[in-house]
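So the protein sequences, as listed, match chains A and B. First residue of the first sequence: 1, per our numbering; consecutive thereafter. First residue of the second sequence: 1, per our numbering; consecutive thereafter.
Quick caveat, the hints were computed from the structure, so don't treat them as lab data. For each residue, glycine too, the CB sits at the ideal point set by N, CA and C.
Among the chain A residues that face chain B by a calculated CB cut under 10 Å, a handful are:
1) I13
2) I20
3) E21
4) A24
5) I25
6) C27
7) A29
8) Y34
9) T35
10) K38
11) L39
12) R42
Label-pair restraints from in silico Cβ distances:
13) Q141(B) x T275(A): 33 to 39 Å
14) V19(A) x E97(B): 27 to 33 Å
15) A16(B) x S37(A): 33 to 39 Å
16) G52(A) x L31(B): 36 to 42 Å
17) R85(B) x Q194(A): 44 to 50 Å
18) T120(A) x W51(B): 41 to 47 Å
19) I50(A) x S135(B): 20 to 26 Å
20) I50(A) x Q141(B): 28 to 34 Å
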Amino acid sequence: MNRLIEFIKRIYIVLLFLVIEVVAIWCYATATPYTESKLLSRTTAVGGAISGTVNYVKNFVSLPDQNEALTARVAALEEELERRDAIIDSLTPDTEHIPFLDSVDVKFRYHPARVTSMTTNRQHNYIVLDRGTRHGIGMNMGVITPNKEFVGTVVSCSENYAVVMPLLNTRFKIGGRVVENDYVCSIFWEGDSQYEVTAVELSKYANPQAGMTVNVESDRMPRDIKVGTIKSHKLNNTKSAYSVVLNIAADMQSLSNLLVVENMHQGELDALIETINN
Amino acid sequence: MFKNLSYLWLSLAIMALQIFLIDELSIAMWLRPMIFPLVVILLQMEWRPIWVLLTSALVGLTMDLALGGSGLYTATIVPLAVIRRGVMYFTTKRSIEHGDQTSLLSRLSSRQLLAYTSMMMFIHHAMFFIMETLSFAHPMQLFATIVCSTLLSMLVAWPILRIFTLKIVSK
Chain A
1 MNRLIEFIKR IYIVLLFLVI EVVAIWCYAT ATPYTESKLL SRTTAVGGAI SGTVNYVKNF
61 VSLPDQNEAL TARVAALEEE LERRDAIIDS LTPDTEHIPF LDSVDVKFRY HPARVTSMTT
121 NRQHNYIVLD RGTRHGIGMN MGVITPNKEF VGTVVSCSEN YAVVMPLLNT RFKIGGRVVE
181 NDYVCSIFWE GDSQYEVTAV ELSKYANPQA GMTVNVESDR MPRDIKVGTI KSHKLNNTKS
241 AYSVVLNIAA DMQSLSNLLV VENMHQGELD ALIETINN
Chain B
1 MFKNLSYLWL SLAIMALQIF LIDELSIAMW LRPMIFPLVV ILLQMEWRPI WVLLTSALVG
61 LTMDLALGGS GLYTATIVPL AVIRRGVMYF TTKRSIEHGD QTSLLSRLSS RQLLAYTSMM
121 MFIHHAMFFI METLSFAHPM QLFATIVCST LLSMLVAWPI LRIFTLKIVS K
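Use the sequences and the hints to build the structure in full.
Dropping the structure here:
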C-alpha cells in the first residue's frame, strides 16, 4: 500500500495533467456535432487500426477466416437468390428463353464485412467494420447478420473502415412492419435493455400478439430482414396506437461477420424523391 | 530576481489584451495571433510543477469561458506547462541547477529568451490550429496558418517580452 502511495506521489503531476487534458478534450469533443463526428472518426480509425492488428494475430489461432469465407459465400448466395427471384418474377406464359443468371440485374448486393470494434454498454453505441468506400461501402447502407437479422445502418465511412449506428443507439430510428398483418411501426431503442427495442405508432387495428415477427420497412433493405419478435404490447395514453416491446433477433453482444446491404437502385430512388421534394 | 506581483499584473494585462483587443481583430482566417500562452511560458521556472500546471489550467479555463473555446484553449495550453523545461533546455541548453541563487529566466540573454518563447508559441499554435480544424485535408494552408500566426503573435509579444525583461526579471 505504501509503495502504491509512493508511486502515485511520484506520478501525480502526470496523472493530473492527463485528467485535465481528458476533461478539456471531452468538453471540446461534445461541444459541437462537427468536433464530435471528427474526433469519433479519428478515434475509431485509430481504434480500428489497433483492433485490426490484434485481430490479425488472433486469426492465426481461431476460426474468423473460415467465418469470413462463409459470410462471403452467404453474400454470393443471397445475390444469386435475388437473381433467381427476378427471373421467376419475369416469367410469363409467352417467355421463350430463360435468361442467364449473370445477365439479370439485381436490386440488392451484399458486401461481407468483419466487426473490428464495437460497444454495447453505452447510450450511443457504434460498430466499426473493416470495410470502407474502397470496398463499395457507402453511407446509409443497411447492415445485417448472415441470418438476415437487422443490425444497423452505416453512418460514416473512410477508405478502409465504416462506422455503423446499431439498433442499440438511442439516436437510431427505423421503420418496421409486422409480418403477420403488414402494419407498420417506428422502431427505436430506449437505452435500457440490450436485448429489447421499442416499436411505437403501431395501428390499434394491428392486434399484436406475443411472438409475432417484425421486419425492417426500408427501401434500403429487402423486406425479409428481421428486427425481432413481439414480447409485450400496450395501447398508448390516447388509445390510438400500440406501443410494443420487441426481443431483438440479432445477438448484438457477439457480432463478428456481417453483411452490408447495398440497394443498387438507391441513386435512382433518391433522385426521384428529390424531384417530388423540389 | 523575479517580481511576482508585477508578473501577476502583466499576466492580467496579457489576458485582457487577448480577450478585448486581439481576439476582436479579424485580420484574416489564417492569421490569428494569440499572446495569452506567454502567461505560462514566462512563469518562473523554479515554481513547483503542480502550481504551473494549475495556473495553466486556470488560464485555459478563463480563455475558454471568455472566448467560447469549449475546452480547446485549456487542452492546448496545459501541455505547455509540462514541456516548458524540456523546450527551455532544447532551445537554450539551460536548466535549473541545484544552488541557483537567481531565477533561470533572469539569466537568459534576449536571444535565448526569444528562441525559447518562439518555440513554445509555435508548439502552442500548432496544437491549437490542428485541434481546431481536426483535419489534414489542406496541410499547406494549415501549416501557413500556424507559421504566420506564430510570427504575428511573436511580433505582438515582443514589447511584452521587453517589459518582462526590464520590469520583472532584473539581472
